[in-house]
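**Q** Residues per chain are reported as follows:
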Amino acid sequence: VNSSTTKQWYQRRVAITAGMLPGGVPKLGRAAVYRRRALYKRKKNAKPSKVEAKPEFKTKKVHGEKNGGSRQVPVQKSPRFYPTEDVKRPLTNRRKVKPTKLRSSIKPGTVLILLAGAHRGKRVIFLKQLPSGLLLVTGPYKINGVPLRRVDQAYVIATSTVVEIPAIANDKLTDAMFKRKAKPTKNEREMFIENTSEEPKISAERIALQKEVDAVVVPAVKKVEMLPSYLRSKFTLTKGQFPHQLKF
Amino acid sequence: MQPVKLFSKGIVTGFRRGLRNQTVTTSLVKIEGVESKADVDFYLGKRVAYIYRAQKKRKNKITKRETKLRVIWGKVRRAHGSSGAVRCAFRTNLPPKAIGATVRVMMYPSRV
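Protein chains in written order, with our numbering: chain A, 104 to 351; chain B, 5 to 116.
Derived by calculation from the structure, the hints in this document are not laboratory data. All the pointers check out, no bait thrown in.
Listed next, the in silico DSS-like pairs over lysine-lysine satisfying Cα-Cα at most 27 angstroms (straight line):
1) Lys342(A) x Lys79(B)
2) Lys65(B) x Lys286(A)
3) Lys79(B) x Lys204(A)
4) Lys350(A) x Lys79(B)
5) Lys34(B) x Lys342(A)
6) Lys350(A) x Lys13(B)
7) Lys350(A) x Lys34(B)
8) Lys304(A) x Lys282(A)
9) Lys314(A) x Lys210(A)
10) Lys284(A) x Lys68(B)
11) Lys65(B) x Lys282(A)
12) Lys68(B) x Lys286(A)
13) Lys337(A) x Lys79(B)
Can you make the complete structure from the sequences, with help from the hints?
**A** The following block contains the structure:
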């Protein structure tokens, strides 16, 4: 499936489903399929993989006249200790964690409506999906006060408005950027000394990064008519408006 | 900050029941503006909040504020009938005084 195109894949699927009886039972049995596909003509010659046989025993020289000269010693020695009862091993987990599937309505530059959190109701611009699956979003900050923020897809409505943003390739825009910095642990003496020097709540790095990203996004937003004031306004349901009737 | 309304209003009409028995774990909710089973599709899975007042103040674990308001969270599970009513399951069953009370049907988890 990896090598074929989507069309070929579809055609194969149609062919396979056409050859099925209800219940997932194929119409043709193995022998019939063999004859029909002329598999007698297509035989795969599997080359046996060469496995180098490892020597089980090693010959070691033994000193002393009466000791036979050499001894066969096993290469892999049996362990000195093993538990009296069999130790159960957990099953291997070969699952690879993938980021959440991004909704087809969400593309870089899409205007999203935040449904919960401090910025609920605000309209923001979607930048990209981070490896954790969360969406990276920016107000832009100057426009509606939403900084570079991570948002879960489930708490967002994607509108049909898409802004053309040049791709932002910044290595610093990852989940690691949002990790909280551990407070330095105080030892006994220091516990009674008040921490007079408070670190600013928002690091200078973040502010610089915000400016960098917005320097790209804000001009793109300003190009579109009324978009900055649209992003400044908030989404709300008014009387007589029901979300299932709205087209976002 | 101007408050925004990001939920639909719903009324708890009762519990799922036959004439003589009721299943208290499932509440029936009538969402405003939803008149048919087809309309219910948007609301499936959406979180529902039954908000009520109590006598004593309690600290809200998220906002860290002392408040008399309390919530029971739930979710819309499925449609109930063909006229847009909906079956909800709450984390703890709704108290009977909730029948006739308003409930907030949030717009998340969103599938739009």
